[in-house]
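Chains as they are written, first to last, in my numbering: chain A, 1 to 280; chain B, 1001 to 1314; chain C, 2001 to 2262.
There may be inaccurate statements among the hints.
[Unchecked claim] Restraint-style ranges between C-beta atoms, simulated for each label pair:
1. C:Y2004 x A:F276: 55 to 65 Å
2. A:E136 x C:L2188: 44 to 54 Å
3. B:K1141 x C:G2007: 48 to 58 Å
4. C:L2195 x A:P35: 48 to 58 Å
Hints were generated in silico from the structure; no laboratory data involved.
Built from N, CA and C at the ideal position, the CB exists for glycine as well.
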Amino acid sequence: MTNIIETQDLTYSYQPEEAEEQIPVLKGLNLAIKPGTFVAVLGHNGSGKSTLAKQFNGILLPTGGKVYVDGRDTADDRLLIEIRRRVGMVFQNPDNQMVSNIVEEDVAFAPENLGYPSEEIRIRVDEALRVVGMYEYRTHAPHLLSGGQKQRIAIAGVLAMAPQCVVFDEPTAMLDPKGRAAVMAIIEQMRQEGTTVVLITPHMDETGRADRLVVISEGVIVRDGTPQEIFRDVEGMRALGLDVPETTDLLYELNREGCNLNLGALTVEECAEELFRAFA
Amino acid sequence: MRGGAFPGICLISAAGADSEKRMGIPLEPIITTKNLTHIYSRGTPFEHTAIQGVDFEAYPGEYLCVIGHTGSGKSTFIQHLNGLLKPTEGTVLFEGQDIHGSKAFTHSIRFQVGLVFQYPEYQLFEETVRKDIAFGPRNMKLSPEEIERRVQLAAQWADLDEALLEKSPFDLSGGQKRRVAIAGVMAMQPKVLILDEPTAGLDPDSRAEVMANIERYRRTMNACIIMVSHSMEDAAENADRIFVFHDSRLELRGTPAEVFCHSRELQDMGLAIPKAAQIALRLRDMGMELPEGLYTNEQLKRALLQRKGGAGLA
Amino acid sequence: MGQYFPGDSVIHRMDPRTKILGLVIYIVALFTAKSYASYGLMLLVLALVIRLSTLRLKMLLKGMKPLLLVIIFTAFLNLFFTEGEHVVFQVWKLRLTIEGVRTAGFMLARLVMLIMGSFLMTYTTPPMALTDGMERLLNPLKKIKFPVHEFAMMMSIALRFIPTLVEETDKIMSAQKARGADFETGSLMQRGKALIPVLVPLFISAFRRADELAVAMESRCYHGGQGRTRMNVLVMQRRDKLGLLFCLLVLAATIALAVFGL
Chain A
1 MTNIIETQDL TYSYQPEEAE EQIPVLKGLN LAIKPGTFVA VLGHNGSGKS
51 TLAKQFNGIL LPTGGKVYVD GRDTADDRLL IEIRRRVGMV FQNPDNQMVS
101 NIVEEDVAFA PENLGYPSEE IRIRVDEALR VVGMYEYRTH APHLLSGGQK
151 QRIAIAGVLA MAPQCVVFDE PTAMLDPKGR AAVMAIIEQM RQEGTTVVLI
201 TPHMDETGRA DRLVVISEGV IVRDGTPQEI FRDVEGMRAL GLDVPETTDL
251 LYELNREGCN LNLGALTVEE CAEELFRAFA
Chain B
1001 MRGGAFPGIC LISAAGADSE KRMGIPLEPI ITTKNLTHIY SRGTPFEHTA
1051 IQGVDFEAYP GEYLCVIGHT GSGKSTFIQH LNGLLKPTEG TVLFEGQDIH
1101 GSKAFTHSIR FQVGLVFQYP EYQLFEETVR KDIAFGPRNM KLSPEEIERR
1151 VQLAAQWADL DEALLEKSPF DLSGGQKRRV AIAGVMAMQP KVLILDEPTA
1201 GLDPDSRAEV MANIERYRRT MNACIIMVSH SMEDAAENAD RIFVFHDSRL
1251 ELRGTPAEVF CHSRELQDMG LAIPKAAQIA LRLRDMGMEL PEGLYTNEQL
1301 KRALLQRKGG AGLA
Chain C
2001 MGQYFPGDSV IHRMDPRTKI LGLVIYIVAL FTAKSYASYG LMLLVLALVI
2051 RLSTLRLKML LKGMKPLLLV IIFTAFLNLF FTEGEHVVFQ VWKLRLTIEG
2101 VRTAGFMLAR LVMLIMGSFL MTYTTPPMAL TDGMERLLNP LKKIKFPVHE
2151 FAMMMSIALR FIPTLVEETD KIMSAQKARG ADFETGSLMQ RGKALIPVLV
2201 PLFISAFRRA DELAVAMESR CYHGGQGRTR MNVLVMQRRD KLGLLFCLLV
2251 LAATIALAVF GL
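Sequences and hints are given; from them, build the entire structure.
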């Protein structure tokens, strides 16, 4: 099967104004994402993870190497629309993604750009709004909704394109715990329905359910594996200046006291089960 | 506290928390609110009660956390403490005086009670960091020497070096901008420093730096810190006392240990309690006997090890 | 101005294009009107539309308040500076004539009816629908390379971001007040200067939003108006055709009245 996203020796650097030297952000990344997987990309601010996200749909183009989306070169600008309809993007600030002051018209924006007939747009918009649980709000004005609700509408706006893959670039950074939980639930649901999900995040907690975790530091991939494998290496992660989830930390500390617990229990539920087995 | 919502469990009285704080030294509260109520757009169809009947007191040197989900009233509450909003009912006292007693006093309160809003870096506007930090002291009509002295001090608290002071605030990294913005309020040297989600959107390193800056300010100035947060983890780690807002009321208050006796209720209010508290709740649901009020990994670890009589488990 | 009051009247349900065209025809008719009879007809039409729209007259009058000064000034000019034979009185250079009174009266009536007509349109049509209708009406101008789509897109994005920027202004003002900024006292000059700490962050934020919005729009396959379709297609109903026919008849009547000098 073709990889939905594939980068080959991807490098990217930019030239700040009034500066002579180029600043390298991505330094030779090779990453292949299979259709239907949930991949989390973890990294600090400034690690290059957001720059990487913008390479996935041709918003930024490589200064070296290649990025292919479903086999299409992002550097070929005749293919841009084909690429962008396959890979949707959800950004940090929901306010700055909305074009209309009526919810359903905003969700209709992408299918309208793609030139679908109006009956089909209507079907797609209603369906997308139902998926994110915002159908009852379809005639509301977005500025009167909460941050979490706005972000769900932004997600619906991307789903209305029926993309094969959705890239979430720190989608919960500006949300409260409720909004955060709602967005994570939608991601989980999308994964179950077979959409490829790439979640760029600085929060370790959000990576626990991913099939695969890619850790980026200073423009290169420093870890690539299942979240369980990666977080098991508590010392190694800390050496990289990254932390591990609280759950792993608890199990790790207990192991240092002589317990023999499985560090791969990342979610609260898994962790509690592991502890229950050992201590009940 | 209003016991109505949670009958029977782990009762904490306001008086109890106060007397604990006052142990030994008789302290006067620096800020008190009595029956504080705020109703937006009163008498219109949009009428909305944001907070009602809030009795609150804070003492010098205390580290307080105000917790609540969006719309719980916590943001409305803090804007009363420095006089930006005027109560619909009730009073706000600063060192025993009504802050709305006279116009001049209300204005001077802005400098005594510093308020750092959410994402404060979005209010930076000056050409240099130095000038931006000086904005508050300049509005206080201080002498140029005093302004410069305060800028220097604020820069020390916020860990900003001399070279950085000459830069444009717009050329800094996200974490630095945040610290500059907080320094701008610290430079007024308020006796009470209120911060609304000061670490929102920052990565772990910047988060730790901001928290360290705040703690440094508290210790040097013996200031009262009031931090507003969604994050129970931050609250658990730093706070002397926690205040929980829910549906426009002050529902819970007490030391972290006392408040986390109510982990389940907190979760039902839509608040994200610390992971350790979530795991403890889960274990208790599964039938394991654990003491109440566990909220850090360290506490949970001890409690678990104690069950098996120390180390040496299979 | 530009406010919208939701409702379900026949006027509310009309196609925005009908309302825009209707207003244009009404304005042309207003300027054709020369006699008491034709002004009476215009007033009658306005009253009928207000009635159909279920809007309260009070709301329309309230909206006129900010324009009161302009209206009075115009009436004043006409009152005293119209050439005429029948002088009522003259003070210095101000000369009141019968003709002046008549012209001023007509001018006043014309202005008031014009403004009320415009309000009727904006009060009964969501701003988005108006820009939409405008875009479609101006479509023929594309032939002469007028950027109709871009213009309409700009309008609707501006409408979308007005509430966001108003909210943001409030936030920044509160934050600067917390640092002791004073927006309420001082001379005009001082107050203007006091706004710098609000305007600079506001502009910076607006630019940042614009950048992010552009990236988000491109990510959603926006590539200009070419090949773009719409979910809600505007369709002229029977009521729209009848409405337009009615407007044209009114225009014809005013022209006839003017021609026959009635």
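Hints and how they fare:
no.	hint	result
1	C:Y2004 x A:F276: 55 to 65 Å	holds, 58 Å
2	A:E136 x C:L2188: 44 to 54 Å	holds, 49 Å
3	B:K1141 x C:G2007: 48 to 58 Å	holds, 53 Å
4	C:L2195 x A:P35: 48 to 58 Å	holds, 53 Å
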